[in-house]
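Student: Residues per chain, in single letters:
Number of protein chains: 2
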Amino acid sequence: MNFQQKLDKAIKKNDSFLCIGLDSAREEIPRSDLDIRSDLVLSFNKEIIDATYDLVSCYKLNIAFYEAYGIEGLTSLKKTIEYLKNRYPEIPIILDAKRGDIGNTARFYAQAVFDYWDADAVTLTIFTGKEGIEPFLKYQDKFSFLYLRSSNKGAADFQDIDVGGLPFFQAMAEKVSTWQEENYGIIASATFPRELAVLRQIFPGRIFLVPGIGAQEGALGKTVEAGLNSEKSGLIIHSARSIIYAGAGRDFAKKARIAADKLKEEINEIRYAR
Amino acid sequence: MNFQQKLDKAIKKNDSFLCIGLDSAREEIPRSDLDIRSDLVLSFNKEIIDATYDLVSCYKLNIAFYEAYGIEGLTSLKKTIEYLKNRYPEIPIILDAKRGDIGNTARFYAQAVFDYWDADAVTLTIFTGKEGIEPFLKYQDKFSFLYLRSSNKGAADFQDIDVGGLPFFQAMAEKVSTWQEENYGIIASATFPRELAVLRQIFPGRIFLVPGIGAQEGALGKTVEAGLNSEKSGLIIHSARSIIYAGAGRDFAKKARIAADKLKEEINEIRYAR
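Read top to bottom, the protein sequences are chains A and B.
This note's numbering puts the first sequence at residues 563 to 836.
This note's numbering puts the second sequence at residues 563 to 836.
Treat the hints with caution; some may be incorrect.
Stated by the list, open to error - Within a straight-line C-alpha distance of at most 25 Å, the following computed DSS-like cross-link-like pairs (lysine-lysine) qualify:
| hint | chain 1 | residue 1 | chain 2 | residue 2 |
| --- | --- | --- | --- | --- |
| 1 | A | K737 | B | K737 |
| 2 | B | K715 | A | K700 |
| 3 | B | K640 | B | K700 |
| 4 | A | K647 | A | K575 |
| 5 | A | K715 | B | K737 |
| 6 | B | K700 | A | K715 |
| 7 | B | K715 | A | K692 |
| 8 | B | K641 | A | K640 |
| 9 | A | K704 | A | K737 |
| 10 | B | K641 | A | K641 |
| 11 | A | K640 | B | K640 |
| 12 | A | K715 | B | K692 |
| 13 | B | K640 | A | K641 |
| 14 | B | K608 | B | K817 |
Just so you know, the hints here were simulated from the structure itself, not pulled from any lab data.
Isolated chain A (complex conformation):
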């Protein structure tokens, strides 16, 4: 089963577009009631996963939060992915890595992401052009989300540079849209619903990964309206901090479940009302 099929199945089974970001930085996670003797981050992730696996379409792991703690942090990442693959093999895993380099280097990043880390999908920056993306697309069962609009306030610095009346991200998108491979999707952002709508017009059928809900305060209604494809699907709404850090006490996993369930239902309300 390839990533798209796996994702589609999880969306249907859990009736959810929600993607929980396991952006679990060692210094930020609540420490109460966790078995910190072995691996704090892994223990935390396991509890969050066990409490939310039936509410999500997928999990996303941002490798930065693990790499910051070096070999130890990356070992937690590896073990978290192993846990997910063993316990919940039906839930797809996105490794948020924003990798982007020339083809010869990209080959090695693709090997890292898909062969070693064993992710089902990855996020990529596309500055080097299609050559830098191809080594990832060659993994036919895997999937690549291309970074076309970032969620930060300063996204406009380069993404909105005027290209003959269009912002740069749109010119970039028009070019990407000529790529025929089936196994890529788009990263747009909930903090820019107008730009999200533009991207959806350019890519009517592609899967969209949309961060920016929650801590980053994107507007959910506008995001779902703008992000759904013509079949009212093709959308993954990502949230991390507002779910995994919903509680800081012993009941942090329970609180995370409540926050996840609430967001999932809010998304569904908008989606089914459409």
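Start from chain A and add chain B according to the hints.
Tutor: Using the frame of chain A, we list chain B on its own:
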């Protein structure tokens, strides 16, 4: 001593602009005569370093070639950096990571690169705008090379999109050039000497890191001519495969030294003839 001072000192001491890329992929390095019982990549790197340390301005390690082999590969990376820091503390280390994400994530990548991996400098993609660069620039003794022109044939895909008569990379560069921080430099490419010259005009005083010589067949003469600043300096010429894989037999380190010395001297000939 900050990165710029350290680099300047190494350039003067070794009379060299050469930066050797330790892009040592486990499957590509020659295996003869190495102690593979412990750590093949580390053993290989040590021999290359010991044979070339007095010919270089700095070493660059591309993390992709290590991450491809997971925790084991990244352990070789860590140990290589520790070896350099202990044995040759006067030689600066660039971690080639092309990281690029929003500010909150960039904080963690900066922590990884500078605190954990202990690099003196890093390479970054700048798609998210200045917000994504600031967490790196805050490390005042460290240094960031910003990816403004890639070395691959398909670089033009996005980098040359027309922005009111200018290619996009140039519009991007004009914007970057308004950033006042002192601790960033520019990645341009030897495979595009015309674009390199344009970037040098926009950034007359910045340090340039220039890949693309050797395996990628950039023209050395044009590169040095276009890349030098007004003080005939500020240039790091990077080469990896054509040096570290110069030989495949027992004498691979000796062959690497010969190749490195040859390139160093060729650069100096052009530089001093100017």
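Student: Decide if the proposed pair is consistent with the structure: A:K715 and B:K692, CA atoms, cutoff 25 Å inclusive.
Tutor: 10 Å, holds
Student: Taking 25 Å as the top limit, are the C-alpha atoms of B:K715 and A:K692 close enough?
Tutor: With a Cα-Cα distance of about 10 Å, the restraint between B:K715 and A:K692 holds, given a limit of 25 Å.
Student: Are the Cα atoms of A:K704 and A:K737 separated by 25 Å or less?
Tutor: 22 Å, holds
Student: Measure nothing beyond the straight line between the CA atoms of B:K641 and A:K640; if it is 25 Å or shorter, mark the hint as holding.
Tutor: Between B:K641 and A:K640 the Cα gap is close to 20 Å, so the pair holds against 25 Å.
Student: For A:K737 and B:K737, compute the direct alpha-carbon distance and say whether it is at most 25 Å.
Tutor: 23 Å, holds
Student: Hinted pair, alpha-carbon criterion (25 Å max): A:K647, A:K575. Please report holds or violated.
Tutor: 17 Å, holds
Student: Assess, step by step, whether the Cα of A:K640 is no farther than 25 Å from the Cα of B:K640, and give holds or violated.
Tutor: 18 Å, holds
Student: What's the verdict on B:K641 and A:K641, does the C-alpha distance respect the 25 Å limit or exceed it?
Tutor: 22 Å, holds
Student: Can you confirm whether the C-alpha distance between B:K700 and A:K715 stays at or below 25 Å?
Tutor: Satisfied, since the Cα-Cα distance of roughly 19 Å is no more than 25 Å.
Student: Could you grab the alpha-carbon distance between B:K640 and A:K641 and see if it respects the 25 Å cut-off?
Tutor: 20 Å, holds
Student: Hint check: B:K608 vs B:K817, CA-CA at most 25 Å. Holds or violated?
Tutor: Holds, at roughly 15 Å.
Student: Taking 25 Å as the top limit, are the C-alpha atoms of B:K715 and A:K700 close enough?
Tutor: 19 Å, holds
The structure fails none of the hints (numbered hints given earlier).
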